[in-house]
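Chains E and X are the protein sequences, given in the same order. Residue numbers for the first sequence follow this note's numbering, so the first one is 30 and each next one is one higher. Residue numbers for the second sequence follow this note's numbering, so the first one is 25 and each next one is one higher.
Any given hint might turn out to be false.
If we take Cβ atoms under 8 angstroms as the criterion, some of the chain E residues that face chain X in the derived model are [said to hold, decoys possible]: (1) P225; (2) A266; (3) P299; (4) H303.
Hints were generated in silico from the structure; no laboratory data involved. Where is the CB? At the ideal position from N, CA and C, for every residue including glycine.
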Amino acid sequence: MTAAVTDRVQAPFGARATRLVATERHGAYTVLRCADPGGPRPQGGQFYMLRAATRWGGGADERPYLPRAFSVLRAPAQTDELHFLIEDVGPGTARLSELGPGDELLIVGPLGVGFAAPREDRRPFLVGGGVGIAPLAIWQDDLQEPGAAVLLGFRDAAHAAGAKLLTGPRIATDDGSVGRRGLVTELLTDALDADPHAEVYACGPPPMLEAVRALCAERDVPAQLALESGMACGYGACFGCVVPTTDGYIRLCVDGPVLDAARLETALTPGAGH
Amino acid sequence: MISFCGIELAHPVINASGTFDAIAARRAFGDALVEHFPFAAFVSKTVTVAPRQGNPPPRLWELPAGLMNSIGLPNKGLEGYLAHDLPELARLPVPLIVNVMGFSRDEVARLVTAFAQRDEVAALELNVSCPNVETGLVMGADPDEVGRLMGAVRPLTDKPLIVKLTPNASDVPAVAIAAEREGASAVSLINTIRGMALHPRTGEPWLGGTTGGASGPAVRAIALSQVQSVAAAVDIPVIGMGGVSHGRHAAEILAAGATLVAVGTESFRDPSAGARIAAELAPSTVAPHPSGRGLAWVSR
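Same shape as in the complex, but just chain E:
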């Protein structure tokens, strides 16, 4: 129908079954590792729609029903595995967090547009908050750039346990229990003071993304933000995942989730679902 699509890795058509080969626990987080021999290697920043193949539904309030969107955490070389970072914050993530090796996961993906290489030889700064660190991990692998700065913020030690999923992070925690007490944007300010010739890659809760966007705009530093929205389908069918941009509403699943900060008047969007 259209000319060849080159801005993303395309997905096999339809939901497909994958089997969990292992799970990992890192403080407040669970990592699901599933085997996807039929699927392509995703780009950093792309996401998948996930649901358990059994007992998806009948949880709190008879939910979940729809699949849940997760950026891929890792797609390790020489394996056919996909890894996802899960925090139990609702009926869908509760079900996903209780899965074990051998359990079946239904997935659609990879979906969306991922991160793009830094422009003008800028040094990549990977800035993450909470479960938003996930796409930065695969992007760190993809960049293969030992000089990348990794700045991660978490609310407490249980969440800061996730920092080990990236290499060489500088950490800030809200309660000061790990690393510096404060916000990850304070780490970013220091890093930009030391090296303004950077490109920022950020993912985290909306207030964090908005603070990063504003700081980068003020410093004239280019930034790519991986936004989040509640989603039903993940592939553009429902028009539910829009965020406002300078060109009007766009679907995060089709034209994102990674957006150039210059397209946004604000990154303070409603964020995840309920």
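Starting from the structure of chain E, add chain X where the hints point.
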């Protein structure tokens, strides 16, 4: 093959308007989408005269076994659709049905006239779940409004005109009867059922549009009842939909008197759901409808 208003379809499963964007899906899935297109006809998302941005987010609320949406009919508008979308959709391997909505009879007439001339369009579906800005009445909820609308647009085209009924009406069969009397070629139902949700912490409406439309398995029993009552009231073909997630649900919709079945919300869980449901449809499980209409689909 199945015949619907003179259009030949490979099987009776189509998509519900607004639940599949074939152009976006082509970007996500590549050629496989076209090679294994999951529907026997493609119904486009509602086209309005003027471009619409749609409602502010949040637009989605997960229900027990379903979904509530307040999307707000975002679309490029008539000129944008004709210029950008129609050429792509015309290349799909299945017939194209264009769904349109106007906020006055004149707007609907303008939309019908524009598509009447296009060979790429096999049929039109009229989304009447909106107020007539001139009378304030929701067109699809009032038999007289729908009758007047059909009277105005029927002469404008020979193409099949399908009226998409709203379930948010006190007498749905009466609306269907009025549509049939004034020349509708078929009716389709159910559209989404009006609902609301509150933010768990603030108590304010969750959806940016305040109210939304419920769909998915949560509405299946209501859909089946309305399809049956409308199919019993009119002779024109009925397209039935509402919470179909398996071939046996589709068989029930056909048994209730529908000629075609549409799949909507289930596609959000699996983009190939339409093809799966068509494959699951087995004629031997269809209980015959008294009129014999439920047995239109017989060959595999």
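Hints, one by one, checked against the model:
| no. | hint | result |
| --- | --- | --- |
| 1 | P225 | 34 angstroms, violated |
| 2 | A266 | 5 angstroms, holds |
| 3 | P299 | 5 angstroms, holds |
| 4 | H303 | 6 angstroms, holds |
Checked against the numbered hints listed earlier, the structure breaks hint 1 alone; every other hint is satisfied.
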